[in-house]
Amino acid sequence: MKKIHAQHTGRHSLRHALMALTLTATTAATAQVGAPFIHDPSTIMECEGKYYTFGTGGGGLISPDGWTWNSGAQRPGGGAAPDAIKIGDRYLIAYSATGGGLGGGHAGRVLTMWNKTLDPQSPDFKFTDAIEVASSITDEDCDAIDAGLMLDPTTGRLWLVYGTYFGYIRLVELDPKTGERVKGNKAVNVAIDCEAGALMYRDGWYYLLGTHGTCCDGVNSTYNIVVGRSRKVTGPYLDNVGRDMLKGGGKMVIGGRGRTFGAGHFGRFIECEGVEKMSFHWEADLDQGGRSVLAIHPLTWKDGWPVGADQFKPGTYEIESERRGYSLELVVDFVRAQGGMRMFGFGGGNQQPPQPVASQSLADVVETWPAGDVRIRMADYMARPHQRWTITPAPDGSGYLGGPYYKITIAGTDRALTATADAEVIATPTFTGAPEQLWRIDMCTDGTYRIMPKSVPGHSEPLALVSAGDCTPALAPFDFKSDNSKWNFRDRSDK
Amino acid sequence: MKHLRHIIAAVAATFIAAAAQAQTTYPDGMPSNEGVKPQLADFFTPVTSTAASPDAEGFIRRWLLLEPINKPNRSNTVFTDSYLHTELGKTYFKGQLTTTPKDGQKVTVGEQELTWHAYDATRYNVKLFRFASGLEKQVYGVIFFATTIIECDRDLTDVRLAVGSNSGSIWWIDGKETLILSGDRRMVMDDCMSSRLTLTKGRHTIWGAVINGPGMSDFCLRFVDAKGQPVTNIKATVK
Numbered sequence: 002m003k004k005i006h007a008q009h010t011g012r013h014s015l016r017h018a019l020m021a022l023t024l025t026a027t028t029a030a031t032a033q034v035g036a037p038f039i040h041d042p043s044t045i046m047e048c049e050g051k052y053y054t055f056g057t058g059g060g061g062l063i064s065p066d067g068w069t070w071n072s073g074a075q076r077p078g079g080g081a082a083p084d085a086i087k088i089g090d091r092y093l094i095a096y097s098a099t100g101g102g103l104g105g106g107h108a109g110r111v112l113t114m115w116n117k118t119l120d121p122q123s124p125d126f127k128f129t130d131a132i133e134v135a136s137s138i139t140d141e142d143c144d145a146i147d148a149g150l151m152l153d154p155t156t157g158r159l160w161l162v163y164g165t166y167f168g169y170i171r172l173v174e175l176d177p178k179t180g181e182r183v184k185g186n187k188a189v190n191v192a193i194d195c196e197a198g199a200l201m202y203r204d205g206w207y208y209l210l211g212t213h214g215t216c217c218d219g220v221n222s223t224y225n226i227v228v229g230r231s232r233k234v235t236g237p238y239l240d241n242v243g244r245d246m247l248k249g250g251g252k253m254v255i256g257g258r259g260r261t262f263g264a265g266h267f268g269r270f271i272e273c274e275g276v277e278k279m280s281f282h283w284e285a286d287l288d289q290g291g292r293s294v295l296a297i298h299p300l301t302w303k304d305g306w307p308v309g310a311d312q313f314k315p316g317t318y319e320i321e322s323e324r325r326g327y328s329l330e331l332v333v334d335f336v337r338a339q340g341g342m343r344m345f346g347f348g349g350g351n352q353q354p355p356q357p358v359a360s361q362s363l364a365d366v367v368e369t370w371p372a373g374d375v376r377i378r379m380a381d382y383m384a385r386p387h388q389r390w391t392i393t394p395a396p397d398g399s400g401y402l403g404g405p406y407y408k409i410t411i412a413g414t415d416r417a418l419t420a421t422a423d424a425e426v427i428a429t430p431t432f433t434g435a436p437e438q439l440w441r442i443d444m445c446t447d448g449t450y451r452i453m454p455k456s457v458p459g460h461s462e463p464l465a466l467v468s469a470g471d472c473t474p475a476l477a478p479f480d481f482k483s484d485n486s487k488w489n490f491r492d493r494s495d496k
Numbered sequence: 002m003k004h005l006r007h008i009i010a011a012v013a014a015t016f017i018a019a020a021a022q023a024q025t026t027y028p029d030g031m032p033s034n035e036g037v038k039p040q041l042a043d044f045f046t047p048v049t050s051t052a053a054s055p056d057a058e059g060f061i062r063r064w065l066l067l068e069p070i071n072k073p074n075r076s077n078t079v080f081t082d083s084y085l086h087t088e089l090g091k092t093y094f095k096g097q098l099t100t101t102p103k104d105g106q107k108v109t110v111g112e113q114e115l116t117w118h119a120y121d122a123t124r125y126n127v128k129l130f131r132f133a134s135g136l137e138k139q140v141y142g143v144i145f146f147a148t149t150i151i152e153c154d155r156d157l158t159d160v161r162l163a164v165g166s167n168s169g170s171i172w173w174i175d176g177k178e179t180l181i182l183s184g185d186r187r188m189v190m191d192d193c194m195s196s197r198l199t200l201t202k203g204r205h206t207i208w209g210a211v212i213n214g215p216g217m218s219d220f221c222l223r224f225v226d227a228k229g230q231p232v233t234n235i236k237a238t239v240k
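Heads up: the protein sequence lines correspond to chains U and Z, in order.
Using our numbering, you'd call the opening residue of the first sequence number 2 and step up by one each time.
Using our numbering, you'd call the opening residue of the second sequence number 2 and step up by one each time.
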């Protein structure tokens, strides 16, 4: 980031919350709800059942569920572009004290401080004194701002990257016990002409993320997140065509899309094996007054490269198993469609020009369906009414990290997909909003989906929709290594 | 004595250039000069030899650079294609795009008297910001002009001019506009490329104009062949 933005004031929160909820109910659920206004968000931290992110200028956002965000997180020191990491049972916050900017001086300081909790209401909430771990003088090829922290899972060493467009992105080592700079450590340059650096590790590769494009220009911001990777944390970080990030290289992870622009300040959140999220800000969300907002999108991986995926969009879908390719349907009689056999072009068939054949409609078959609960199975998709599911955000506005809970009903009906106490799934005649009828839909790192009920009656452990057999669904613990746990959504809005 | 000084300078320049070319990758990270103000000599050395090959990656490091022309801009977001054609297409001084200046030659642009400097960049990129700051000239709200001559000992067909610049820039070969990089740009190697070109045997002049409001300014330039490989069998000279 290069400019310090005014923080959102609570007076406007309710109005924005109402606006956001209205938008959620009427349009695609593609942004966090509440008052998710923030610039330069830190990596999201989970603490005692709540989620936290800090932004430029002090303060930050809190969410009880990861979907509805409001101001309330507290961080002393002001300054710019913090990052956060949990080490052991403490949280380390890094932020920058700087008065710089592209056209100004570039003197800056990166500071770190600890807290046992991020909950301002907790009696344990107390930040330690901030200590300086890196700095830049006013006329140096680096701007000590935009901190990014990573604890190397292979070595336990703690690393910090910082810097902006003004010169280099630098890497230094910190002591994971104290948060201080390792004595004698010398900074190395790892990238040029980018900012908002972040580090992550996966499968033997270190990834350096940075932001290119124009910052802080509202709806005209072209900010976008790019990445390079290296076998060593000190680099060289090369992009997908072999360009060193010290030469400006970088493969785009996410850029503007839809009505949101200016992706910056990457943070990774690993939910479990196979389900990852990336947090960042949109410099401008046109549906939220063009303001800078927190964004949480699925983080997927393709050929060893991170890809920022789109959030799930409400609509009418075929729900296809990754196991066999069969699709979820009501257990009802298969009703043959109009059309009949053709003569395959032999002999004296019908010589009239071909005419479209109408698709089978709900009205054609709905009277044949049982009135009560109906079991669910999978079969080959034939675009029949008992196979088409309409998925919309749950009306209660509840959610999870990065998305709302969804109501899943047979298109044109209120028959709702429902988890049962015996860990099976049925369609009930009506949607009641009960937890077993609320579904979270998370894109997995391979682009398939995990589908989970909010809760299953009588079960405390989280269960996901799985393929017990080719044609038989059930609920069981999610296993990313098994295609039984994965699903695909095929857009069938047009049958 | 003067002759000896030239020999020492030439040897030193050769050593620095060789060291710079060897440092294209850094196995333990590129050392930083944390807390140190960069100096002109960190980025440029005076030209002493007659002609210079590109570095191993094809980047041309030998340039004549004109001290920055005053052109205030508070933001780089105004650098549209039209803006660049208007502002960089103006004639600011006599001989612009047509006559290769001499090292130390002065030109007048408005009320500014500006000097051309012949330099070899010590890095793949020509750090215009440090050229300006090193000469204690203004660093923000500026237009830089750069020119060099390349010598081809044979016809080179289907090559492309590849440039990255911070911020917008226009590039001419033999007086013809060949490439434009518009918008609020960061310098990225091979960011934009020209259409396929034929560089005939002989000498060709390259001119570039780089505009910048706030922030860092630099460029990197090379030619790549039909397979995208760097062209290294050329020479660059400023005479």
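None of these hints come from the bench; they were simulated from the model.
For each residue, glycine too, the CB sits at the ideal point set by N, CA and C.
Don't take each hint at face value.
Unchecked claim - Pairs of lysine-lysine, DSS-like flavour, derived with a Cα cap of 30 Å:
#1 Z/K177 / U/K303
#2 Z/K91 / U/K184
#3 Z/K38 / U/K233
#4 Z/K138 / U/K252
#5 U/K117 / U/K178
#6 Z/K138 / Z/K91
#7 U/K184 / U/K51
#8 U/K187 / Z/K38
#9 Z/K91 / Z/K38
To be verified - Cβ pair distances, simulated, as ranges:
#10 U/D153 / Z/T99: 55 to 61 Å
#11 U/D153 / Z/S196: 54 to 60 Å
#12 U/E47 / Z/P73: 30 to 36 Å
Stated by the list, open to error - Every beta carbon over 12 Å from chain Z, so not counted as near; a handful from chain U, in silico:
#13 Q122
#14 S222
#15 A424
Each hint, compared with the structure:
1. Z/K177 / U/K303: 42 Å, violated
2. Z/K91 / U/K184: Violated, because 54 Å separates the two Cα atoms, which is more than 30 Å.
3. Z/K38 / U/K233: It holds: about 28 Å lies between the C-alpha atoms, which stays within 30 Å.
4. Z/K138 / U/K252: 35 Å, violated
5. U/K117 / U/K178: 13 Å, holds
6. Z/K138 / Z/K91: 22 Å, holds
7. U/K184 / U/K51: With a Cα-Cα distance of about 35 Å, the restraint between U/K184 and U/K51 is violated, given a limit of 30 Å.
8. U/K187 / Z/K38: 16 Å, holds
9. Z/K91 / Z/K38: 35 Å, violated
10. U/D153 / Z/T99: 55 to 61 Å: 57 Å, holds
11. U/D153 / Z/S196: 54 to 60 Å: About 46 Å separates the Cβ atoms of U/D153 and Z/S196, which means 54 to 60 Å is violated.
12. U/E47 / Z/P73: 30 to 36 Å: Violated, at about 48 Å.
13. Q122: 40 Å, holds
14. S222: 9 Å, violated
15. A424: 52 Å, holds
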